[in-house]
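S.K.: So the chains spell out like this:
There are 2 protein chains.
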Amino acid sequence: MDRISTERDIVALLGDWASGRGPLYRKLADALTRAVEDGLLLPDDRLPSERGLGEALQVSRATVVAAYQELRGAGLLSSRQGSGTRIASDVKVPRPTADGRVPGGTAMTIFQRLIDGPGELISVAVAAGGAAPELAVTLRELVRDDLDELLSGPGYHPSGLPELREAIADYLTRNGLPTAHDEVVVTTGAHQGLVLTTELYVSQGATVIVETPNWPGCLDVFRSAGARLVTVPLDEEGPEIHTLGTVLRERKPSLLYVMPTYHNPTGVLMSAARRRRIAELAAEHEVPVLEDNAYMTYHPESGVVPAPLAAYAPPGTEMLSLGSLAKAVWGGLRIGWVRGPAEIVQRLSRRKVLADIGSPVIDQALAARLMPRLDRILADRSKELGLQLDHMDALLRNRLPSWRWQRPDGGGALWVELPGVDAMAFAQVAVRHGVDVVPGAVMDPDGGHANHIRLPFTFSPEVLDELVHRLARAWSEIARHGPAPAVQVVV
Amino acid sequence: MDRISTERDIVALLGDWASGRGPLYRKLADALTRAVEDGLLLPDDRLPSERGLGEALQVSRATVVAAYQELRGAGLLSSRQGSGTRIASDVKVPRPTADGRVPGGTAMTIFQRLIDGPGELISVAVAAGGAAPELAVTLRELVRDDLDELLSGPGYHPSGLPELREAIADYLTRNGLPTAHDEVVVTTGAHQGLVLTTELYVSQGATVIVETPNWPGCLDVFRSAGARLVTVPLDEEGPEIHTLGTVLRERKPSLLYVMPTYHNPTGVLMSAARRRRIAELAAEHEVPVLEDNAYMTYHPESGVVPAPLAAYAPPGTEMLSLGSLAKAVWGGLRIGWVRGPAEIVQRLSRRKVLADIGSPVIDQALAARLMPRLDRILADRSKELGLQLDHMDALLRNRLPSWRWQRPDGGGALWVELPGVDAMAFAQVAVRHGVDVVPGAVMDPDGGHANHIRLPFTFSPEVLDELVHRLARAWSEIARHGPAPAVQVVV
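Chains as they are written, first to last, in the numbering used here: chain A, 1 to 491; chain B, 1 to 491.
Note that these hints are calculated values from the structure, not bench results. Yeah, the Cβ is synthetic: ideal placement off N, Cα and C, and Gly gets one too. Do not take every clue at face value.
[To be verified] Pairwise CB distance ranges (calculated):
1) Arg397(A) with Thr173(B): 34 to 40 Å
2) Glu301(A) with Arg72(B): 57 to 63 Å
3) Gly226(A) with Gly104(B): 17 to 23 Å
4) Asp145(B) with Lys383(A): 29 to 35 Å
5) Arg140(B) with Lys383(A): 45 to 51 Å
6) Lys92(B) with Asp446(A): 35 to 41 Å
7) Glu37(A) with Ser89(B): 55 to 61 Å
8) Asp9(B) with Gly20(A): 57 to 63 Å
9) Asp375(A) with Val137(B): 33 to 39 Å
10) Gly104(B) with Arg46(A): 39 to 45 Å
11) Ser152(B) with Gly20(A): 21 to 27 Å
Please take these sequences and the hints and turn them into a complete structure.
M.R.: Shown next, in the form of structure tokens:
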């Protein structure tokens, strides 16, 4: 059986090959060469036909022909009658170390942008901005008042700095979920909380129920643990309760993963009624639940936000809650947490020791001072974000009137449907116009949502102007001209 | 087959059960109850005889009899003629989540101290102190000069903040290992560097060669990946070259893990000649090498320290180098790194994304400012540590003249042999005298070094005085009086 089966596999593997300068065919050849050097393509792997790959990448057949020809010349490809184009049998295979990618994972094309560093692209892959102004103020206070005492200890706190655990517990208690300090473990962002929880609950072959669409960074964590992902679609109140009941009954999952406040990428806020039903279902089927409330970007004060899902849990239900300061305060702070039963928090702390012994202390002390002000910080940020959302909304209505979206309840992005267009093909065009778009298919374990994109509005009005301008140009190219010319020299 | 086979298994599982207040038999009963609640002891597991457990825990048989009796009364234990004492068949078993421990691991008894928080014990399990004075000075400079620019970015840097990667590369270059910035990935302490490297190189059932003795925190990382550990003993220049050659040839290992500067726990500095030979052997057998130079506590300026092992590597050898600021600057900073070939560093960055997306940024900016001063900071700390080492040395000679040790080349601890005494038994006595000692057997995958302990000297003279005083009392108890009385009421 061929290892590489579809054009889509190759597209995922090439990532944003088309960015940067130089002729397209050369960039394609370089990207294929890198894939071989990285061990992503192996000797005798079959490549798609020139026409097929051209369509998938939204370039002309001639571009692929030229790229393949260059690689044949370099001895990297062989083509034989009836056997198609293959990686040459004698290419040098790298050492059989793991390459760091998750088999079947879809998030790395997004995160690779962070690894490679910033280019000229407007990347809408990661919707993150600078720090809230309170951060600098608070750090100055900390340095003035508490630094010497802070630095006198050994600095290892696998469960988290005691004053931060206390402050997080107070915050959750204020927001409707009574919590004690030993029910909180501090993690490097909510992401690490997800990783540690997965290590406890998800073994090879276990079933995890997830909403769809979903954030690929989370899906890859489950995939990397060997989970089978079973999806539940969303309606405007959260995951569809009927489907959820069926899969809970039939699939005996090890974990149910939901994003009540807010769902990423759709921005849906789970209703109080839906929270109650899900908590009941979880109790009935004895399924542990992980709720992820880290997507707290735009969080309108006007809206009524129910208490965390865990507050609805009948006694004995095993429910864990993820939170984070990344969106409200700053991603670079890397402060997240898991809230759960004290004995589970102990277990998570042991995994935390194994992962990195404990998080840095200065950031934790800083976070402890910020937590009491978090509601105020969120409200201030949301005012600005609401204006950005309005601006984006108006721009899109004006420049891309055929696109369809709903105003999100919260979060940081629009979930946009591109009528009649494959979003992966559109992403290929968009990157050549200077925008790095995340197509819907990488956010759906079943490969659905193929004509959706996630479009963050967390940029300044000037960047939003330029962003929509570029998107409109890409849209007009794909709508009117079809694939790009064979050799597009951009010098 | 019985799951719990030996007294030693139970001792490891109970951890430091004897600390705190109250009668010994009650504390033992409580610890066994917790082990059942945590799912470490399961229904029908067989417990050791009263006499056997008493000897292993260094308490009288009567203490164990009283504990077992209490647990039988509570329905937790059953004893039948000829079948010994077992956990009752009908105890409630916790949910089958992983409990966070590493199967066969030995580090958690050490780290559990960090999770539980500080007590009245002098814990010599983790040899860490407060921050170097340069840290506060540098943080104040950073806040004054660079904060606003730092906080303006999105804050995600999976490979590390660019200026820190640059500063680490410069530091390594200055110290004999020419390095470019893209050959460095920043991690949450050297520990996370070890974890990410293990994810790349060590799959289930793979063989990893390690020195013995070894630091259990590292061994547990390999164990948790399912590695088979093969040991090589040390001589005064590093791992024995003859044994190393044999296991490299015969065991086809996936990784060789060594600690050249300095070895933990023995404090041995690997000689230049030994480095050269090991690099040649690794090249000959095509085995990737991970060198761990994080144990940079006492680092005497007078001694000649060879370049890192990687500097001796013939071209094409795959060699990774771990480093850290934990010992020289502060553990609470949690800044470590892996240095290796750029393409391996890319792979490690992908694993870093999957683990936590990236380390906190403020600490990284701080570390970038500290790196150029690191040699100076190390020299200053080493002066103080040298005095502490002298003080400890004199105290031990005076109070515990029968103990045997060699002055370490560097690091933070003495590796002490207790002539004729099992160190695990001594640790049980020491904890009742207020010292938490790490016995040698948990540092040896083969269970050897049973009469050694690791004894950090990284404490103030006053703490060292009290520490040795308590150790001497414990030693005199075990030497003269045998096991403790049955019911020792400490109110």
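S.K.: Hint by hint, note whether the structure agrees.
M.R.: Okay, the hints, checked on the actual structure:
no. : hint                                 : verdict
1   : Arg397(A) with Thr173(B): 34 to 40 Å : violated, 55 Å
2   : Glu301(A) with Arg72(B): 57 to 63 Å  : holds, 59 Å
3   : Gly226(A) with Gly104(B): 17 to 23 Å : holds, 21 Å
4   : Asp145(B) with Lys383(A): 29 to 35 Å : holds, 31 Å
5   : Arg140(B) with Lys383(A): 45 to 51 Å : violated, 33 Å
6   : Lys92(B) with Asp446(A): 35 to 41 Å  : holds, 39 Å
7   : Glu37(A) with Ser89(B): 55 to 61 Å   : holds, 58 Å
8   : Asp9(B) with Gly20(A): 57 to 63 Å    : holds, 58 Å
9   : Asp375(A) with Val137(B): 33 to 39 Å : holds, 35 Å
10  : Gly104(B) with Arg46(A): 39 to 45 Å  : holds, 43 Å
11  : Ser152(B) with Gly20(A): 21 to 27 Å  : holds, 25 Å
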